[in-house]
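There are 2 protein chains.
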Amino acid sequence: MAHGFQPNWTEKPPKKNSFRSVFKWGDPKEFKHPSHAWYEMLKQTFDLTDADFKKPRFEGNEKVTIDHGISLSADDIEAITGIAGKKNVSTDDYSRVKYSHGKTVDEAMDLRHQRVRHVPDMVVHPKNKNDVQKIVSYCNTQKIPIYVFSGGSSVTFGLKTPKAGIMLVMSTHMNQLIGVNELNQTATVQPGMFGPAYEAALNDAPDTFNTAHCYTCGHFPQSFEFSTVGGWVVTLGSGQASTYYGDAGDIVFAQEYVTPAGSFKTLEFPATATGPKLNDIMKGNEGAFGILVEVTMKIFRYMPKNRQRFGFMFPSWEAAVNASREISQGEFGLPAVFRISDPEETEVGLKLYGIHGTPIDKLITFRGYKPMERCLCMGWAEGEKAFAGHVKDMVAKICKHNGAMSLSGYAARKWEKTRYREPYMREDLMDYGIIIDTLESGVTWDNLHRLHQGVRKHIKSRPGTICMTHASHFYPQGTNLYFIFMLKMTDLADYRKFHDGILAAILANGGSISHHHGVGKLFSKFMDQHLGKTQMEALRALKNHFDPNHIMNPGGHLGLDADE
Amino acid sequence: MAHGFQPNWTEKPPKKNSFRSVFKWGDPKEFKHPSHAWYEMLKQTFDLTDADFKKPRFEGNEKVTIDHGISLSADDIEAITGIAGKKNVSTDDYSRVKYSHGKTVDEAMDLRHQRVRHVPDMVVHPKNKNDVQKIVSYCNTQKIPIYVFSGGSSVTFGLKTPKAGIMLVMSTHMNQLIGVNELNQTATVQPGMFGPAYEAALNDAPDTFNTAHCYTCGHFPQSFEFSTVGGWVVTLGSGQASTYYGDAGDIVFAQEYVTPAGSFKTLEFPATATGPKLNDIMKGNEGAFGILVEVTMKIFRYMPKNRQRFGFMFPSWEAAVNASREISQGEFGLPAVFRISDPEETEVGLKLYGIHGTPIDKLITFRGYKPMERCLCMGWAEGEKAFAGHVKDMVAKICKHNGAMSLSGYAARKWEKTRYREPYMREDLMDYGIIIDTLESGVTWDNLHRLHQGVRKHIKSRPGTICMTHASHFYPQGTNLYFIFMLKMTDLADYRKFHDGILAAILANGGSISHHHGVGKLFSKFMDQHLGKTQMEALRALKNHFDPNHIMNPGGHLGLDADE
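Protein chains in written order, with this note's numbering: chain A, 1 to 564; chain B, 1 to 564.
Among the clues, some could well be false.
Since the list gives no way to pick out one identical chain from another, each pair is judged satisfied if it fits inside one copy or across any two copies.
Capping the alpha-carbon separation at 25 Å, the derived lysine to any residue pairs in SDA-like fashion look like this [said to hold, decoys possible]: (1) K525 with D280; (2) K497 with F194; (3) K265 with E422; (4) K397 with R301; (5) K134 with R456.
No lab work stands behind these hints: they were computed from the structure. Predicted model only: the values in this text are computed from it and were never measured.
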């Protein structure tokens, strides 16, 4: 090893209108490179040398061009342009590609090779819900497919446009916080508002909305900076503080959709007993029933000073899981952030955060917490001051009772600062033919170990594959398992086969096909097997009711029109 | 007033097979009579004298006989008898009346006059879910209406059988706790299990199911003793400890239904992002989509020793509401039971609990908490010991900050002991022509005062009508208002007009048509106006999917087939 050798990680923003500018995560000017310890791990795991990291390949720096025709008639284009306004529509190659691709690994693999499988005929940026209503009405009459793009962070082919038609981009204009109702602790927001703008507006509510208190949205997915409130709701996302604040679906108070069957609006009540809840029928429909045009979210007091961080090292995964369950069922309130990493993720994490090989690492090992057995745990409690303090005390008590060693709040502080930056590493790795991808699954406590072992067994059966697992969303009845896997692979068909195998292993071992990534068009083929035919028929009945002509996100979304 | 005069309250159990035995609340041998202070209040309010309380009228002591024919064919009766077994079916007059009436005031008014409007042709007590499956399948083929009876405590015409057909009684055989999963903290239970049996089995889980801890169901509606787990779920009930444990819908983990469209079973996951949640689509369907045959409920640690009771007197309703909102939004955990009574309920309550006119009452008044302004608050915190203590401390701090005087846990203890007994008073009052009835509504904080005032105004516009209001289910975004009204009235048509007027006032003032009583066939005519046509059409689409022949609870249930 040439000491001091630095791989040629890209530090340049993607070229304008390039394929890379479509698939690159996040801010074009932001990068996060693997740590030195990670770099060494990559070389060792994938049997690579420094020489392999000199020249990035298939970067997608080419300018986007496509040869897909436009099937919309000139009349249709004129009609839709008339509704949205000329400056809010486009049919150029770049727009058609940019607004029909998310962050699914397959999409990056395709775009690196300038492969574009599907694009919409036309991209439209509606100004308001009236535009959306008119467009949906027109398209329903003319049977023109409609797709929806908001933050663009989907990792499940949520933005794929197999039937062409038009793509509505919600984040261009419909991205405002309409109002804060302090008495009700709710905020009414347009679906295309990005996480940071929404959170900042709530933090600043005393200035902007003349409230007595500062507020927080309570929802912080890893995609926070590049996802929107509407996306959170329609895909049933979970944020990193979901253990306390609830998942996105829990935070929804009322919704307004435009559907081919009409405008669908739910009432603002804290609870009702007026039949199956209309709010719940719509949450998670991923644009297959209609388009979310306004949503009222629950908000929470913003009290960052009360945050109580903690970190622990457990002697084993079993001990970490047992402690997590005791905490989740302890009835003393729940921590906001709570994460446990399995032994492999713990080791890789120590490398990622530069702790591997340091005196701290040696101390931990000396105290009997052995590599590839020990498990890292970290998080924090929020809420009213004494409440948060008590939650932290109880967490500490239960962790220690389960054999854990306290690490202070260091790891949590470190993670907190970099928690949104990890996805940036994907581009560096793929530049050298290494895939990093994730899958997650909801699971009950009694099935956690079976699922963890079953999925790991499948992934690790492929030589030279890294598989890290953590649990990060806790409920009294169970948690999620988040699998991060890394492998050297460049062929998309091979990858799809490998990936489908993991999904099959998740289902075979009793996990849910998605905990918080949604379904999109990536998991849809597993839906009938997963939920069962009678259950899927109920969702299809709703689909057929709201969208009898199947113009909303058609071509397999949620598995509702897979046969077509 | 003849001092020492005792009204002739009935102390005799209803005669066997009498109309009274159908409509009387609860245990036939249990009674609760109005207190002396209440009796005086009744005489004064309704302009009555002791002489009016000497002879009860229209007691419904007559033996049940009806002249309703049976429209089911002999073949149908034979087929259904073949499925359920001869001893599990009946077509006698008494069974047909008993199992098609709940506790709606209208039903009591009718039965006191031996008026029977609708009965099923046949009553069937299924042994298990296979029986239910076969019966639904047969009835769907033959287009025979099916109704469902479980606890029988509906106050919304939930058990009315306008289209005859068969009535399935779930509580006769399908009333067992199938299992407790301690790792997941869930219990799988048959729908016809009554509250006390379910709670006792969970409390005794260490003996019965060999668990490490005792558990509680967390759901304690006023009807607890005579309602069933299945009824809680399908009507979206709320228990008296819902502020901490959640409403019935929140406590459901997985469900199994038999529907004409097939067996519908949801998976056990703490969270998923696989489209609109199937569990939520079914909760609250009130038997209009299918029949709940098994349900897995979340359960909670049973730690009664940690209960921390409190009681306060507020100077005004505004102060009580403000404190309640601060507590609900305080982020220090929530009390399990929390109740605030408006000024009129506070006065009537002091009379009910024998506090009116005592030295305590005088002390409270002396300290400036004036009758018809002051508001009673009581409740308790549960959960882990220090958590419960902290919730109580925070509640006390906020109440005092809002001008409240502490009353200790006395009122809560008193209420706790008698909380399930109050419905028994209904028979005493109706024996003398006095109706006591209730309506409840969900409401956001910003609309609470408008709703309270609007509904009170309507009720009090009728001279000589008592209207008590409390809020007892708290959420960060709002609460419920529970209206209890008493009036002297014996004509059913008059009463229906009065009652519909209150519902209209609730809707006109932005309340929900039901917070936790469900919809049944009593509120159904208001559903389109309340939820809106587009929204109701979505529920009708589900109805038509699950029950294309409209055999499930037909004749207006939930407003889904009102036109027929």
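Hint by hint, here is what the structure shows:
For the identical chains of this complex, K525 and D280 are neighbours both inside a copy (23 Å) and across copies (23 Å), given an alpha-carbon limit of 25 Å. For the homomeric pair K497 and F194, neither the shortest alpha-carbon distance inside one copy (34 Å) nor that between copies (51 Å) is at most 25 Å. In the homo-oligomer, the alpha carbons of K265 and E422 never lie at most 25 Å apart, since the shortest distance is 38 Å inside one protomer and 39 Å across protomers. In the homo-oligomer, the alpha carbons of K397 and R301 lie at most 25 Å apart only across protomers (18 Å), although the nearest pairing inside one protomer, at 27 Å, exceeds that limit.
When the C-alpha separation of K134 and R456 is checked against a cutoff of 25 Å, the pair qualifies neither within a copy, at 49 Å, nor between copies, at 43 Å.
Taken one by one, the earlier hints fail for this structure at numbers 2, 3, 5, listed in ascending order.
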